[in-house]
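Following the hints, complete the assembly by docking chain B onto the known chain A.
Same order as they appear, the protein sequences are chains A and B. In terms of my numbering, the first sequence has 254 at position 254, counting the first letter as 1, and numbering is strictly consecutive. In terms of my numbering, the second sequence has 19 at position 19, counting the first letter as 1, and numbering is strictly consecutive.
Calculated directly from the structure, the hints in this document are not laboratory data. There could be a bad hint or two in this list.
Label-pair ranges, simulated between beta-carbon atoms [what the hints assert, rightly or not]: (1) B:Gln59 / A:Val14: 35 to 43 Å; (2) B:Ala13 / A:Pro97: 53 to 61 Å; (3) B:Val103 / A:Leu116: 38 to 46 Å; (4) B:Ser48 / A:Thr87: 44 to 52 Å; (5) B:Val30 / A:Ala233: 25 to 33 Å.
Counterexamples of contact, computed for chain B against chain A with all Cβ distances above 12 Å [unchecked claim]: (6) Arg5; (7) Trp11; (8) Lys39; (9) Val111; (10) Ser134; (11) Gly147; (12) Thr167; (13) Ser168; (14) Phe180; (15) Phe202; (16) Phe240; (17) Arg244; (18) Arg248; (19) Phe249.
Which residues of chain A face chain B? A partial, calculated answer using Cβ under 7 Å [claimed, not checked]: (20) Phe28; (21) His51; (22) Asp99; (23) Phe170; (24) Phe186.
Here a beta-carbon is modelled for each residue, glycine too, at the ideal position from N, C-alpha and C.
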Amino acid sequence: MSALTAKMRTLLSVYYAYMLEYRAEIVFWVLGGLVPFFFMAAWSEAARQGHTAYTPGEYERYFFAVFIARQLAIVWANWTFSDWVRTGKLSFHLLQPLDPAWRILADHAAERGVRLPMLALIGFVFALLFPGALVWPGWAPLLLGLAASTLAFLLSFLVAYSVGLLSFWFEDATEIFELWYVLMLFFSGMLAPLSLYPEAVQRAVYYTPFPHLVYLPASYWSGLEPADPRGFAVLGFWTLVFFAVARLLWRAGRRRFSAMGA
Amino acid sequence: MRYLRLAGIFWAASAAARMEYRAAFAVSLVAAVVETAGKLFGVYLFYSNGYDLGGWRWQEALLVLGFAQLVDAFFILLFQPNLRRISEMVQDGTLDFVLLKPVDGQFWMSVQQVGVVGFPYLVTALALLLFAGSASGLPAGGWGLLGVAAVAAVLLGYAVAFLLATTSIWFVKIFNVVYFLSSMIWSAQYPVQAYARPFRLFMTFVLPVYFMTTAPAELALGRAQASWAWALFAVALGFFLLSRAFWRFALRYYSSASS
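This is chain A alone, in the form it adopts within the complex (with noise of 0.2 Å):
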């Protein structure tokens, strides 16, 4: 266990310096996420006009706890492993005592490291164009949220792993990933909080990941709605079975493997 947390170390300040050389790209990452506040503009408008349940200052703070949980969920572990599988680069990664999992999982902890400060910033720009809009969650619905949030983080890069694994047998697969990022985008409350969907459209993704991935975390940090705990529940069955389907494509797919002379 030690020989691994020495390791996970390594490659985490490996990673957050080669992070921190590129930032110029994950500054126009993090402001390719900004998307929510546009949906909050539309919605807030709308709140002005008189036509929704909420005010426009809870749109304001729900759609900031959108920001903020999908920044922290974003996932490119398809890409890595798929790129890897194709170009061969993966032949030496096998070469090292260490499942190559663990590596992709550091590169996106270290990303987060870089991100972090950015969001720092983005929430006090934020604050400072939105008077009033943040309010103090307290603490253990920051935790809980943090906790949401970090299950969603794993269920997701479970999920990419997963579709990069699949590279084994599709020489592109990465593009399967795109499917469930569309889903996430539309039932995981980044359109409009879950609240204002129809009843029927509710009922049917409750069980299925996507509300919980983002939805639960916000909800704990902006109170819009009560938050929902089962929604821990459910993000912690399909961790496990995405844990699952990446263990077994993993021990399947790696005899596969053939590229570059391995």
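Just chain B now, kept in the frame of chain A:
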């Protein structure tokens, strides 16, 4: 004419290469349909809650959505696969080979690849435009304007994307710029009138996404009397010329791999 022929050759080769990845294409078909359904659902959410997106009938709002999808489709089809290569080529120093070719550098960098996974998006975008156009009862003149405005909107999208991608001559790894732009198109899928004023100004003057989605719809619907919509053509042409000038300017700072 020679350039048209070249583009044809590039695309045929690139499409043939991409068709190696048939699974990806099949998935993108499904993804395009799901994404379009989701975007329609997003518009539905507003109308079912009684908000008319700042005075638009739903058919007309779908026209705006159609333009957003159209520009987005071109991002997937052409802009992303090509413009990411500027960044890659600066990183590897292979941009030299492009500059040596007896072809306009910007042309070569912009049309060499085609991302076939964008075709399903293009088809759904055109279907959406056709449906929304006939549902809002466009007259013949409206359809004509729709076509011209669509060309201008795509040209503007290209010019802005190319302009930003060119900065990789200095910043090297800046592929996410293109991701950033296509996500901004996402935010422009509703008419700008739906947003609060500061956002409206931002989408018109800072990021010209207003001209890519709302303005073409206003032109086609004949709602353009009192708005900036006609400026679309000037803005598109202006940005295109600017992107050419900026490319030539940036190349002066390109110091290749070995020199």
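Cross-check of the supplied hints:
B:Gln59 and A:Val14 have their C-beta atoms about 54 Å apart, which leaves the hinted 35 to 43 Å range violated. At roughly 43 Å, the beta carbons of B:Ala13 and A:Pro97 sit outside the given window of 53 to 61 Å. Take B:Val103 and A:Leu116: their Cβ atoms lie about 45 Å apart, and the range 38 to 46 Å holds. Under the hint 44 to 52 Å, the C-beta atoms of B:Ser48 and A:Thr87, about 47 Å apart, fit the expected range.
About 29 Å separates the C-beta atoms of B:Val30 and A:Ala233, a value consistent with the hinted range of 25 to 33 Å. B:Arg5, annotated as away from the interface, keeps every beta carbon of chain A farther than 12 Å; the closest lies near 29 Å. With a closest Cβ-Cβ approach of about 19 Å to chain A, B:Trp11 is found to remain outside the 12 Å limit, as its non-interface label requires. Separation of B:Lys39 from chain A is inadequate, the least Cβ-Cβ distance of about 8 Å not exceeding the 12 Å criterion.
Every CB of chain A is more than 12 Å from the CB of B:Val111 (nearest about 22 Å), matching its label as outside the interface. Non-interface status of B:Ser134 relative to chain A is upheld: no Cβ of that chain comes within 12 Å, the nearest being about 26 Å off. The Cβ of B:Gly147 lies farther than 12 Å from every Cβ of chain A, with a closest approach of about 28 Å, so its non-interface assignment holds. Not every CB of chain A is more than 12 Å from the CB of B:Thr167 (nearest about 9 Å), against its label as outside the interface.
Some Cβ of chain A comes within 12 Å of the Cβ of B:Ser168; the nearest lies about 9 Å off, and the non-interface call is violated. Against the 12 Å criterion, B:Phe180 falls within the reach of chain A, whose nearest CB is about 4 Å from its own CB. In this structure B:Phe202 is not separated from chain A by more than 12 Å, as the shortest Cβ-Cβ distance comes to only about 9 Å. With a cut of 12 Å on Cβ distances, B:Phe240 stays outside the contact zone with chain A, its closest approach being about 22 Å.
Look at B:Arg244: its CB is around 23 Å from the nearest CB on chain A, clear of 12 Å, so calling it non-interface holds up. At the 12 Å boundary, the C-beta of B:Arg248 stays outside the reach of chain A, the nearest C-beta of that chain being 23 Å off. No Cβ of chain A approaches the Cβ of B:Phe249 within 12 Å, the least distance being about 19 Å, so the stated non-interface status holds. The interface hint given for A:Phe28 holds, since its Cβ lies 4 Å from the closest Cβ of chain B, which is under the 7 Å cut-off.
The interface hint given for A:His51 holds, since its Cβ lies 4 Å from the closest Cβ of chain B, which is under the 7 Å cut-off. Nearest Cβ of chain B to the Cβ of A:Asp99: about 26 Å, over the 7 Å cut. The hint is violated. Satisfaction of the interface hint for A:Phe170 is found here, the shortest Cβ-Cβ separation to chain B being roughly 4 Å, below the 7 Å cut-off. Interface restraint check for A:Phe186: the shortest CB-CB distance to chain B comes to about 4 Å, inside 7 Å, so the restraint holds.
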